[in-house]
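Hey, can you work out the whole structure from these sequences and the hints?
Chains B and Y supply the protein sequences, listed in that same order. Residues 49 to 162 (this note's numbering) make up the first sequence, in order. Residues 247 to 363 (this note's numbering) make up the second sequence, in order.
If you're looking for bench data, these hints aren't it; they were derived computationally from the structure. Fair warning: there could be bad hints in the mix.
[As the list claims (entries may be wrong)] Calculated lysine-lysine pairs in the DSS-like style (CA-CA distance at most 30 Å, straight line):
1) K61(B) x K105(B)
2) K249(Y) x K316(Y)
3) K105(B) x K319(Y)
4) K262(Y) x K316(Y)
5) K105(B) x K316(Y)
6) K105(B) x K249(Y)
7) K249(Y) x K319(Y)
8) K319(Y) x K262(Y)
Since we're looking at a predicted model, the values are computed, not measured.
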Amino acid sequence: KAGVTQTPRYLIKTRGQQVTLSCSPISGHRSVSWYQQTPGQGLQFLFEYFSETQRNKGNFPGRFSGRQFSNSRSEMNVSTLELGDSALYLCASSPGGEEPYEQYFGPGTRLTVT
Amino acid sequence: AQKITQTQPGMFVQEKEAVTLDCTYDTSDQSYGLFWYKQPSSGEMIFLIYQGSYDEQNATEGRYSLNFQKARKSANLVISASQLGDSAMYFCAMRGRSSGGSYIPTFGRGTSLIVHP
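Put into structure tokens, the structure is as follows:
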């Protein structure tokens, strides 16, 4: 099975712009979660989508949003970028359901905001 | 609220020796899952091992085993016969049920493991 893929791998944006990141989960996985990883805050949960619905959300401002398509692919969007949004954004997929399944991570998108 | 604590920012081990990475957690949930992930310098998070809160046996996956002590709320990772390729950051994580009924993840700050030849 192919793993989780994320595009693009690297991105440089300017403060005030918006950005869209994409994630394709492992085939058959219905749950996609997004994380932000920074040296200062560590790995923080952004949100989780399951069957095209946001099932859970972390403590991030409304500038961070996401969606999931019928094929389970997911996108996350960050509007009005700030310097502090520079981070590694990781996507993870899992089978879903109600069990605390292990998650399989993609390689991440490294976003730099200048 | 859930919390994961990894008290060892860095660990060093000699190749072929065993090493234990500490993890304690705090939750009021009865049903939860505990995970360990490895993150090499390349950045990708690699799933290592999973322990369910109701599992009575400690989980094992090859050279990895999880020393689960529920009463102490600890979930230490034991790596046997360390290899140079084990050098990486290791994250302990938990997924517990939120008030909304879904499972949410919490990660520790990680432990950097360096394996010496």
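Going down the list of hints, with the structure as the test:
no.: 1; hint: K61(B) x K105(B); verdict: holds (25 Å)
no.: 2; hint: K249(Y) x K316(Y); verdict: holds (15 Å)
no.: 3; hint: K105(B) x K319(Y); verdict: holds (25 Å)
no.: 4; hint: K262(Y) x K316(Y); verdict: holds (29 Å)
no.: 5; hint: K105(B) x K316(Y); verdict: holds (28 Å)
no.: 6; hint: K105(B) x K249(Y); verdict: holds (17 Å)
no.: 7; hint: K249(Y) x K319(Y); verdict: holds (11 Å)
no.: 8; hint: K319(Y) x K262(Y); verdict: holds (29 Å)
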